[in-house]
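Asker: Heads up: the protein sequence lines correspond to chains V, B, W and S, in order.
For the first sequence, our numbering begins at 4 and goes up steadily by one.
For the second sequence, our numbering begins at 4 and goes up steadily by one.
For the third sequence, our numbering begins at 10 and goes up steadily by one.
For the fourth sequence, our numbering begins at 10 and goes up steadily by one.
Under the rule of at most 30 Å between Cα atoms (straight-line distance), these lysine-lysine pairs were calculated in the BS3-like manner:
#1 B:Lys35 / S:Lys325
#2 S:Lys325 / S:Lys60
#3 S:Lys23 / S:Lys201
#4 B:Lys35 / S:Lys201
#5 W:Lys23 / W:Lys60
#6 B:Lys35 / S:Lys199
#7 W:Lys325 / W:Lys60
#8 S:Lys23 / S:Lys60
#9 S:Lys60 / B:Lys260
#10 S:Lys201 / S:Lys325
#11 B:Lys35 / B:Lys260
#12 V:Lys198 / B:Lys198
#13 V:Lys35 / W:Lys60
#14 W:Lys325 / V:Lys35
#15 W:Lys201 / V:Lys35
#16 V:Lys35 / W:Lys199
#17 W:Lys23 / W:Lys199
#18 B:Lys35 / S:Lys60
#19 W:Lys201 / W:Lys60
#20 S:Lys199 / S:Lys60
#21 S:Lys23 / S:Lys199
#22 W:Lys60 / V:Lys260
Beyond 12 Å from chain V on every Cβ pair, some chain W residues (computed):
#23 Gly21
#24 Glu37
#25 Ala40
#26 Val130
#27 Asp207
#28 Ser224
#29 Asp305
Some residues of chain V that are not near chain B, with every Cβ distance over 10 Å (derived):
#30 Ala12
#31 Leu13
#32 Glu18
#33 Glu31
#34 Lys35
#35 Ala36
#36 Pro141
#37 Leu264
#38 Ala268
#39 Ala332
Keep in mind the hints are simulated off the structure, nothing from the lab.
We put the CB at the ideal spot given by N, CA and C, even for glycine.
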Amino acid sequence: MAAVASPPALRPLYEQMVLGRVFETEAERQYKAARIGGYCHLSSGQEATTVGTMHALQAEDLLVTGYRSHGFALARGVSPEAVMAELFGRRDGCAHGRGGSMHLLDVDRGYYGGWGIVAGQLPVATGLALALVRQGRPQAVLCELGDGAVNMGAWHESLNLAALWDLPVVFLVVNNHYGMGTSVERASAEPELYKRAAAYRMAGERVDGDDVEAVIEATERLLTQARQERRPAVLEALTYRYRGHSVADAGLAYRTKDEILEHQAHDPLTRVRTRLRGEGVTEDELDAIDRDADERVAAAVRFALESPEPDVAQLAYGMHAAGSQEQFARMRPGSAFGEAELTFDAGLGA
Amino acid sequence: MAAVASPPALRPLYEQMVLGRVFETEAERQYKAARIGGYCHLSSGQEATTVGTMHALQAEDLLVTGYRSHGFALARGVSPEAVMAELFGRRDGCAHGRGGSMHLLDVDRGYYGGWGIVAGQLPVATGLALALVRQGRPQAVLCELGDGAVNMGAWHESLNLAALWDLPVVFLVVNNHYGMGTSVERASAEPELYKRAAAYRMAGERVDGDDVEAVIEATERLLTQARQERRPAVLEALTYRYRGHSVADAGLAYRTKDEILEHQAHDPLTRVRTRLRGEGVTEDELDAIDRDADERVAAAVRFALESPEPDVAQLAYGMHAAGSQEQFARMRPGSAFGEAELTFDAGLGA
Amino acid sequence: MSAVATPGAVTGTKVMTYREALRLALQEELARDERVFVMGEEVGVFEGAYKVTAGLLGEFGADRVRDTPISEEGFVGAGVGAAMLGERPVVEIMTLNFLLVAMDQVINHAAKIGAMFGGEVRCPLVIRTPNGAGNQLTAQHSQSFDGWFAGTPGLKVVAPATPADAKGLLKAAIRDDDPVLVLENLPIYKEKGEVPLDPGFVVPIGRAAVAREGSDVTLVAHSFATVRALRAAAELAEQHGISAEVVDLRSLRPLDVETVAASVAKTNHAVCVEEGWPSYGVSAELAARIQHACFDDLDAPVERVGMAEVPLPYAKGLELAAMPGEGRIIGAVLRSLGVAR
Amino acid sequence: MSAVATPGAVTGTKVMTYREALRLALQEELARDERVFVMGEEVGVFEGAYKVTAGLLGEFGADRVRDTPISEEGFVGAGVGAAMLGERPVVEIMTLNFLLVAMDQVINHAAKIGAMFGGEVRCPLVIRTPNGAGNQLTAQHSQSFDGWFAGTPGLKVVAPATPADAKGLLKAAIRDDDPVLVLENLPIYKEKGEVPLDPGFVVPIGRAAVAREGSDVTLVAHSFATVRALRAAAELAEQHGISAEVVDLRSLRPLDVETVAASVAKTNHAVCVEEGWPSYGVSAELAARIQHACFDDLDAPVERVGMAEVPLPYAKGLELAAMPGEGRIIGAVLRSLGVAR
Ligand SMILES: Cc1ncc(C[n+]2csc(CCOP(=O)(O)OP(=O)(O)O)c2C)c(N)n1
Ligand SMILES: Cc1ncc(C[n+]2csc(CCOP(=O)(O)OP(=O)(O)O)c2C)c(N)n1
Ligand SMILES: [Mg+2]
Ligand SMILES: [Mg+2]
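Full structure from sequences and hints, please.
Answerer: Here it is as structure tokens:
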């Protein structure tokens with residue numbers, strides 16, 4: 004991880020951003036090919052924010068996100084194979100096919116999900132930060148949420164608790180201008196969202212979420228404060244979602260094509276690409292990076308296709324902890340709805 | 004109602020404040036005599052805020068409060084008889100004995116309750132304000148809440164909606180320093196509660212809630228803005244609760260006797276009394292006012308005692324609108340728990 | 010309130026989807042009564058997450074079709090308050106799963122107003138929202154809490170299974186003076202059926218319907234489970250020569266026990282089907298009522314079919330295995346009739 | 010997990026109230042396991058709205074006994090997150106009525122974690138809260154939503170009726186690796202009974218108990234309804250010469266159907282009693298299970314007794330009339346046995 008001082012090397016960041024973009028494009032294709040189902044939320048256009056914040060997050064720090072999380076998972080180091088297999092609902096997915104697109108996680112990397120109820124992840128992240136403090140661990144939690152989530156009661160209660168109890172958590176508001184079809188101005192009486200941190204005497208600031216270096220600088224600074232001074236903060240990253248709210252949404256009922264094109268004119272990937280050219284990286288080298296991303300994603304698709312479907316006999320896998328089977332033993336007689344067959348703690352199968 | 008300009012006459016305000024104080028003292032006595040049950044929250048010490056805000060509220064305005072509401076009901080003009088009868092659970096109570104201390108109301112006076120879930124009344128008040136706008140009525144809603152309620156999600160969502168939709172509602176935060184045993188500093192990361200209005204680009208201010216004239220001035224100003232400019236606001240009134248959280252709480256586990264005495268040293272009633280003496284009102288005249296309050300409350304107790312108990316055959320009275328009986332007719336067969344006897348729309352009986 | 014057409018009313022019917030029938034009901038009621046307004050996330054500009062409100066913003070404007078921030082507790086409560094002042098708010102919750110953040114306003118506020126305030130004020134609020142699973146929406150987005158609301162005194166709960174009932178019951182709910190929860194369902198939106206065009210057409214709350222006549226067994230269901238039950242009944246007739254009667258509850262509170270009991274008294278066998286989890290669910294209440302009302306009529310225990318009791322998994326195969334499919338309904342019928350498969 | 014004493018354990022019992030038994034369980038578990046901490050409104054300085062946590066702040070300090078603002082959604086969710094990282098939070102909700110504002114964290118978060126994340130992370134969270142009515146607390150403060158939680162896959166729900174079970178089940182809940190809701194009850198806090206002093210004493214989750222043996226009818230109940238059932242059973246014996254067996258469920262999820270069915274197979278009559286509203290309530294599930302498991306054993310329909318189906322009114326006389334008192338339980342038993350009063 005880069006120290007706060009030294010400027011981050013751009014090339015690996017570009018590699019991450021391209022990987023994110025290519026992955027989302029492929030996910031949309033696979034969704035339309037009916038290999039992915041449910042809700043599928045893409046983050047194309049938001050790569051500087053996803054990659055920048057994940058670059059600033061240290062190995063021992065914790066991560067919580069909403070449901071628009073493919074990019075965060077990849078940038079956190081979850082393999083494209085594990086993510087794609089999850090989208091395909093396969094056994095080798097990071098949630099073994101149980102969670103899908105909205106519920107990615109990787110506990111080994113401190114990623115505690117992938118949540119689908121708007122703002123529901125904020126109290127959870129607050130609790131993770133409380134646990135870090137109780138365990139005397141010096142890390143911090145980064146909690147991602149969208150601009151639409153700041154109008155939920157859970158936002159208010161979580162920020163008040165985090166500030167009142169001096170918890171090491173940074174609330175990352177990914178402001179992509181819309182919550183589904185509702186613009187920030189139509190949803191929030193204070194459209195400068197970061198200013199709401201003041202209601203908790205908490206630091207709040209806004210950053211250009213399409214400038215990966217600015218995102219890294221701000222995130223590192225706030226995470227350092229959180230770790231060292233146990234000061235929570237709000238970081239609002241201004242960015243833009245290129246695709247619809249989910250793959251099912253064309254994304255044009257509430258905004259114009261021009262608006263989208265205007266944002267794509269200063270695309271975060273292009274910006275880094277230009278910077279790298281300035282640093283003397285050749286077009287060929289950059290194209291090679293792009294091709295490499297294509298190959299990694301193609302490999303992920305092959306892996307996902309080969310990963311077995313979950314065993315239907317494992318329908319209730321993970322629902323309850325080992326030993327619970329015995330507790331449920333006497334619920335079965337008289338059951339008329341197959342509950343008797345549910346097993347919680349058997350393995351996942353070969 | 005006094006216009007914004009001319010200073011209010013103090014004498015009727017003093018009469019109201021004394022009535023509130025005497026009523027609460029009697030309510031506590033009656034509770035200990037087991038004529039009042041359930042939760043009973045007294046507002047002794049908060050009279051300047053209750054009487055001052057109700058003085059500023061116009062006849063056509065609407066009122067919503069929490070559960071510490073005897074004083075508001077009386078100052079709004081609900082008769083001591085109707086309030087005491089409600090506390091006694093009698094048919095002539097303002098809620099016909101169904102609501103008790105926490106659920107007073109008087110629709111004819113625009114008082115829409117009397118609610119017991121902390122902050123639950125805020126969304127309701129917001130909806131009343133929305134209805135006023137839809138109906139083109141020029142009035143405003145005053146919504147009372149306590150200092151402990153500002154940490155609930157409902158506060159956040161309600162204030163955001165009120166500001167976003169330009170609704171005529173003033174949120175009155177009665178800051179009596181404690182939510183049960185928790186001081187404001189231990190509950191709110193921003194203990195200057197009125198400042199939280201800024202998170203919604205809403206006006207917020209603080210007033211000495213023990214100075215009845217200051218309360219009237221601020222409330223009238225904010226209500227006028229709400230009515231004329233459809234601008235919601237937060238008014239925080241600093242005051243103090245003399246008794247425990249409810250009659251069941253001695254109120255000393257979390258604060259010192261000295262702290263209470265110190266607040267009683269500048270008692271809101273005494274302050275007005277002194278002012279009146281300055282205006283030449285004699286001790287005898289003031290004592291007469293006090294005696295008159297004693298008599299009004301004694302009469303209310305007599306009235307409540309004579310009011311009949313609700314008829315048990317009317318257990319479900321009011322639950323459903325007229326005509327619902329027929330909808331429920333086919334739910335009865337097979338019912339094993341007396342639901343068949345429930346009638347919704349029969350009268351209250353003699 | 011009745012299903013009788015109003016004098017000089019439009020007659021005839023039209024085949025449309027459940028979704029279109031709901032839209033027609035909203036359109037008619039918005040046009041009929043100034044006090045009616047629609048409020049919820051994405052109901053306006055976006056035309057509804059599931060397009061039920063498509064076109065209404067254009068026709069009635071932003072005051073009658075109000076987009077809200079993501080703040081269910083706030084705007085459900087705003088509906089409660091507006092209703093107390095005589096408005097007729099129709100609040101859309103994108104899916105039932107999200108009503109969990111507004112439970113306090115529904116259960117502790119809307120449902121309490123009539124009784125708690127001694128009949129002094131009413132709350133004519135309508136909340137409409139789809140429940141259900143089947144689209145791989147996973148654990149947080151595939152639930153049915155129908156019984157929780159149906160078990161709450163002070164509320165009324167309807168759950169139409171056909172486009173005609175969707176129109177008639179939503180209109181009845183909007184005209185009712187009490188808070189009514191209208192339970193819709195995601196997979197059912199695209200179901201088609203004949204819908205009366207008469208704007209005076211309403212379906213009374215608290216009346217079940219016999220959706221299919223039969224003599225061997227009674228299938229009791231509501232909402233999308235009724236669609237499943239009808240499919241199972243057809244297959245039972247063809248494949249097994251079993252004549253199943255299907256009782257469509259239509260209302261969950263008040264519950265029309267009479268119609269259910271009359272059917273079971275005739276068939277002597279009952280299978281209760283629901284989309285949700287059966288334990289402590291709707292089928293529990295049905296079984297309890299049936300065994301009590303039809304104790305001497307029953308030739309076999311009341312059977313129950315519902316969602317497997319797990320948080321809904323994402324993988325298609327797992328989700329399918331969890332759902333109360335026709336196969337499981339037929340299995341329960343054969344069990345009830347003591348027929349080996 | 011078992012009720013067997015640990016080697017070299019403290020033996021003997023002591024008579025104490027249900028409230029004291031809960032406090033002892035908390036004290037023992039706080040002392041036993043650093044990961045355990047108590048969190049909620051007024052649990053510290055105020056010593057608990059109902060004094061269950063009295064003395065614990067002094068003994069364990071503010072980090073282990075944490076006062077919270079009024080923010081149920083926030084601190085229940087904080088409990089969920091802390092549990093995911095291996096802590097053992099015991100969250101107190103002042104009364105069950107207030108859990109409505111935190112439903113989303115309980116149902117859509119705590120209950121989903123194990124299955125939704127493919128078994129990769131667990132949520133050993135305990136929520137303890139009293140339900141019930143009887144103190145004129147009125148409509149918003151007198152409710153029992155027991156079945157809503159017991160019907161949610163992913164949760165476990167216990168509802169002890171005696172001080173000994175209160176200690177043993179709360180300890181079992183704290184040691185369990187899944188989210189457990191411990192349902193207490195306001196009137197029951199003052200009930201007294203013998204409580205084992207052994208810190209190793211736990212009561213296994215998912216096991217009902219026969220609280221009183223009998224031969225004529227089975228009363229099935231949980232929490233305070235068990236206390237009512239036992240009183241009714243005593244009166245039935247004295248006044249009517251009827252021998253009632255009382256099955257105390259103790260756990261609602263998992264539900265010990267075996268013990269209930271075994272009793273009904275013996276008595277051939279069942280009356281289910283609950284504090285909450287019966288429609289779509291706990292007694293519905295019990296009646297549904299019993300009619301299914303004991304179809305051939307039952308000599309009469311399963312009867313149900315619960316709260317009158319109204320928002321609880323304030324007036325003492327009205328409240329009393331609404332409660333599932335002993336008189337109504339006895340009436341149901343006589344109905345079941347076909348005995349005229
Ligand atoms: C409580 C709740 N209400 C509604 C929804 C449906 N919903 C899913 S995403 C979404 C929009 C969220 O927008 P934003 O927070 O800006 O995040 P973005 O999708 O832009 O990343 C809505 C309304 C939900 N999941 N949870
Ligand atoms: C959601 C909810 N949580 C908890 C309670 C229990 N409770 C009732 S009053 C109260 C304290 C409220 O304090 P404050 O808002 O300052 O009002 P005050 O009592 O001081 O007038 C609490 C915690 C409740 N009624 N509702
Ligand atoms: Mg957004
Ligand atoms: Mg206070």
